[in-house]
Amino acid sequence: MTTNRRSFLKTGAAFGAALAAPSLIPGRAGAAGEIEVGVLFSQTGGLSIVEKSLADATLMAIEEINAAGGVNGMTIKPVVEDGASDPKTFNEKASKLVLRDRVPSVFACYTSASRKAVLPVFERRNNMLFYPTYYEGFECSKNVVYTGAVPNQQLSNFIPWMINTLGKKKIFIVGSNYIYPREMAKVSKILIEQNGGEWVADEYLELGHSEWGAMVSKIKASGCDAVLSNVVGDSVIAFYREFRNQGISQEDIPICATVTSEIEIAAMGAEYAAGSYTSFPYFQAIDSEENRSFIERYRAYTGNPNAVTHHAMESSYFQVYLWKQAVEAAGEASPDAIRETIGGQTFDAPNGKVMVDPENLHTYLTPRIAQWGEDGQGTIIEAYDEPVEPLPYVAYGETPENLFCTTDGLDSAKL
Amino acid sequence: MTETLFIGLSLSSILLLIALGLSITYGAMGVINMAHGELVMIGAYTAVLSGIYLNLNFFLALPLAFAVSALVGMALERLVIRRLYGRIIDTLLATWGVAIVLQQLIRLEFGLSFFGIHVEGLGPGLQSMDVPSFLTQPFEIGGVPIQPYRSFIIVVTLLLTLLTWFLMYRTSMGTQVRAIMRNPQIAAACGIDVRRVSAFTFAYGSGLAGVAGVLLAGFKTVMPDMGASTVVDGFLVVVVGGVGSLLGTVLASGLLGQINGVFAILFNDILARAVVFGVVIAIILWRPRGLFSFRSR
Chain U
1 MTTNRRSFLK TGAAFGAALA APSLIPGRAG AAGEIEVGVL FSQTGGLSIV EKSLADATLM
61 AIEEINAAGG VNGMTIKPVV EDGASDPKTF NEKASKLVLR DRVPSVFACY TSASRKAVLP
121 VFERRNNMLF YPTYYEGFEC SKNVVYTGAV PNQQLSNFIP WMINTLGKKK IFIVGSNYIY
181 PREMAKVSKI LIEQNGGEWV ADEYLELGHS EWGAMVSKIK ASGCDAVLSN VVGDSVIAFY
241 REFRNQGISQ EDIPICATVT SEIEIAAMGA EYAAGSYTSF PYFQAIDSEE NRSFIERYRA
301 YTGNPNAVTH HAMESSYFQV YLWKQAVEAA GEASPDAIRE TIGGQTFDAP NGKVMVDPEN
361 LHTYLTPRIA QWGEDGQGTI IEAYDEPVEP LPYVAYGETP ENLFCTTDGL DSAKL
Chain F
416 MTETLFIGLS LSSILLLIAL GLSITYGAMG VINMAHGELV MIGAYTAVLS GIYLNLNFFL
476 ALPLAFAVSA LVGMALERLV IRRLYGRIID TLLATWGVAI VLQQLIRLEF GLSFFGIHVE
536 GLGPGLQSMD VPSFLTQPFE IGGVPIQPYR SFIIVVTLLL TLLTWFLMYR TSMGTQVRAI
596 MRNPQIAAAC GIDVRRVSAF TFAYGSGLAG VAGVLLAGFK TVMPDMGAST VVDGFLVVVV
656 GGVGSLLGTV LASGLLGQIN GVFAILFNDI LARAVVFGVV IAIILWRPRG LFSFRSR
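Just so you know, the protein sequences line up as chains U and F, in that order. The first sequence lines up with residues 1 to 415 when you count with our numbering. The second sequence lines up with residues 416 to 712 when you count with our numbering.
None of these hints come from the bench; they were simulated from the model. The reader is advised that the hints may include incorrect statements.
Pairs of lysine to any residue, SDA-like flavour, derived with a Cα cap of 25 Å [unchecked claim]: (1) U:LYS353 to U:GLU374; (2) U:LYS52 to F:GLU555; (3) U:LYS96 to U:ARG124; (4) U:LYS189 to U:VAL232; (5) U:LYS218 to U:SER249; (6) U:LYS169 to U:GLY196; (7) U:LYS52 to F:GLU535; (8) U:LYS220 to F:ILE561; (9) U:LYS218 to F:LEU420; (10) U:LYS142 to U:GLU374; (11) U:LYS220 to F:SER548; (12) U:LYS220 to F:GLU535; (13) U:LYS220 to F:ASP640; (14) U:LYS116 to U:LEU207; (15) U:LYS218 to F:GLY558; (16) U:LYS218 to F:ASP640; (17) U:LYS218 to F:PHE567; (18) U:LYS170 to U:GLY223; (19) U:LYS220 to F:LEU686; (20) U:LYS52 to F:ASP640; (21) U:LYS218 to F:ALA689; (22) U:LYS52 to U:GLU64; (23) U:LYS96 to U:SER141; (24) U:LYS88 to U:LEU207; (25) U:LYS189 to U:THR399; (26) U:LYS186 to U:ARG124; (27) U:LYS218 to U:LEU207; (28) U:LYS77 to U:ALA337; (29) U:LYS52 to F:PHE567; (30) U:LYS170 to F:PRO560; (31) U:LYS52 to U:ALA300; (32) U:LYS88 to F:THR590; (33) U:LYS170 to F:VAL516; (34) U:LYS88 to F:SER548; (35) U:LYS142 to U:ILE35.
Have a look at the derived ranges for each label pair, beta carbon to beta carbon [said to hold, decoys possible]: (36) U:GLU64 to F:VAL690: 52 to 58 Å; (37) U:LEU99 to F:LEU527: 32 to 38 Å; (38) U:ARG299 to F:ARG610: 50 to 56 Å; (39) U:GLU251 to F:VAL647: 36 to 42 Å.
Idealized CB from N, CA, C, for every residue including glycine.
Please take these sequences and the hints and turn them into a complete structure.
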């Protein structure tokens with residue numbers, strides 16, 4: 001039945017193409033025994049630094065799966081496209097993958113801006129997007145599998161830990177001025193108040209801002225005990241450097257960050273971050289056999305003996321395996337079948353066990369807190385015992401008992 | 416209060432550092448050099464690379480970056496700008512193109528990345544430069560905390576400004592440059608080798624950009640497009656100060672830096688930026704030729 005429908009589609013497309021202009025030549029999805037998937041990250045432009053590593057991790061997982069016999073006896077063939085750090089280009093390339101290459105799933109996007117740009121393509125054409133980045137939540141789509149952390153998975157242990165274990169009650173929230181830091185701040189404020197702390201300020205700077213003199217002296221003057229940083233990108237480096245240059249020690253006012261990963265630490269020089277904290281489900285420093293082997297394989301794959309692994313990149317890797325299991329469970333690789341079977345899939349990822357939530361297609365992940373050392377590596381000082389349920393609407397009052405996003409879609413009455 | 420003033424002073428010195436080279440190339444030669452930011456970037460990368468491969472420390476990177484940026488600037492003058500003197504809009508477009516080429520050269524590791532060769536310190540990623548630790552440890556003088564790195568930038572900027580003043584107003588080369596600024600044809604008629612002097616002037620302005628790059632690398636991010644945002648600030652200062660006026664450039668950077676600092680502390684950086692632009696617009700409306708300018712040309 002499947003083969004019938006697929007071949008019908010193919011003939012139909014070929015027929016249509018023959019009638020229409022030659023530029024409409026249908027996808028290369030030809031050869032038998034192959035499943036094509038889309039891989040869409042920025043290979044060029046400002047975001048390519050991070051996104052290249054996501055693409056590499058995806059391609060590495062595909063290569064590993066193919067080497068181990070593929071999916072249902074078929075090899076996976078990645079169709080790699082370049083989003084060029086530009087949401088519009090992401091949209092065009094996603095359309096190309098879905099319409100022309102007819103791939104059943106696309107592994108794509110790093111920023112929320114690019115995800116929002118491609119989302120209509122996947123929803124209108126009923127295709128599947130696998131999105132590996134930690135993001136702000138507030139999204140409920142039947143066409144996206146989210147394998148990065150949502151705010152409750154980064155903050156639910158972080159803030160109580162800051163207040164109760166570190167004993168830092170007055171918190172200065174600072175972030176880059178766009179949706180992710182603002183939503184993170186919203187969730188943070190709820191958690192800070194619940195835990196008997198107090199937030200003294202909630203400040204933002206433009207994305208890419210690199211002059212932190214005024215902000216850091218404000219932090220110094222505010223009388224806060226700790227800084228919760230949702231600063232992203234290259235601003236992070238200028239921020240940590242200024243922090244130390246103004247003589248604030250991480251002992252007195254630690255920076256507790258939600259975005260600062262191994263990449264930024266390496267770029268700023270490890271001594272500037274030493275003593276600060278970050279909350280992520282994955283760190284390169286996770287001490288497990290799976291992770292050590294993962295880092296080794298990734299370094300061999302990229303040919304760079306110093307390559308860094310980080311959270312979104314690890315999610316890029318394991319989500320291919322989750323996809324593979326869903327295709328195997330379904331017996332076919334169509335978006336509808338994958339959506340049916342992806343929920344509830346579990347996998348032993350480098351960060352430990354992960355599971356796709358059948359309700360909202362987000363992923364159960366294990367929150368961890370690391371303290372950065374002089375060597376640029378984190379030491380994991382606190383971790384949940386088990387994966388935590390993803391709650392994309394936690395800023396609006398979502399709880400495990402009262403889900404806003406279920407298989408029926410978003411219950412907007414609860415917002 | 417002293418701290419606010421210090422931040423303002425520090426912002427001013429960074430503005431001046433970038434604008435100093437620009438005021439020479441733009442002011443003296445009528446070239447809108449959009450690649451000025453990229454010369455800053457080249458200075459920063461010179462510091463990063465000399466740290467990795469030559470094990471040079473930060474202080475030795477300063478003259479090296481001056482030399483590298485000056486050479487790149489001289490090549491740029493020889494190959495492109497020389498053919499475009501007097502065509503101000505054309506120089507804008509041409510140097511903008513050069514800026515993109517320079518950025519891509521760094522990002523693509525001079526094309527080596529096409530062959531799978533990775534050069535440490537180049538590429539699209541973020542780079543870091545080591546700063547000697549005594550420049551990052553703050554100390555107090557009379558109860559006022561002093562940031563050594565920002566103070567160091569202020570001192571270097573001051574020295575470079577004095578040097579530039581000396582070269583422009585106390586040497587025969589400087590006299591020739593000023594003559595060319597006023598009227599290149601008459602200067603040529605008086606026997607000044609306009610081409611040679613212009614080439615050296617451009618190289619000197621470019622070298623200053625390189626030094627600015629090293630100093631910026633110490634507390635900002637080093638990456639291929641770091642120059643793009645700095646060049647805008649530089650032009651603001653030059654336009655407000657008055658084209659070709661060293662004193663105007665110094666005062667304009669002082670004014671804009673302090674406004675930025677005070678508003679950033681009192682309100683926030685985003686508002687401060689808006690206020691700075693507002694002030695710039697007002698000054699240009701009030702004095703279209705800038706605060707200090709001479710009538711000529």
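>> Check the structure against each numbered hint from earlier and tell me which ones fail, lowest number first.
In response: 1, 2, 10, 12, 13, 16, 26, 29, 32, 33, 34
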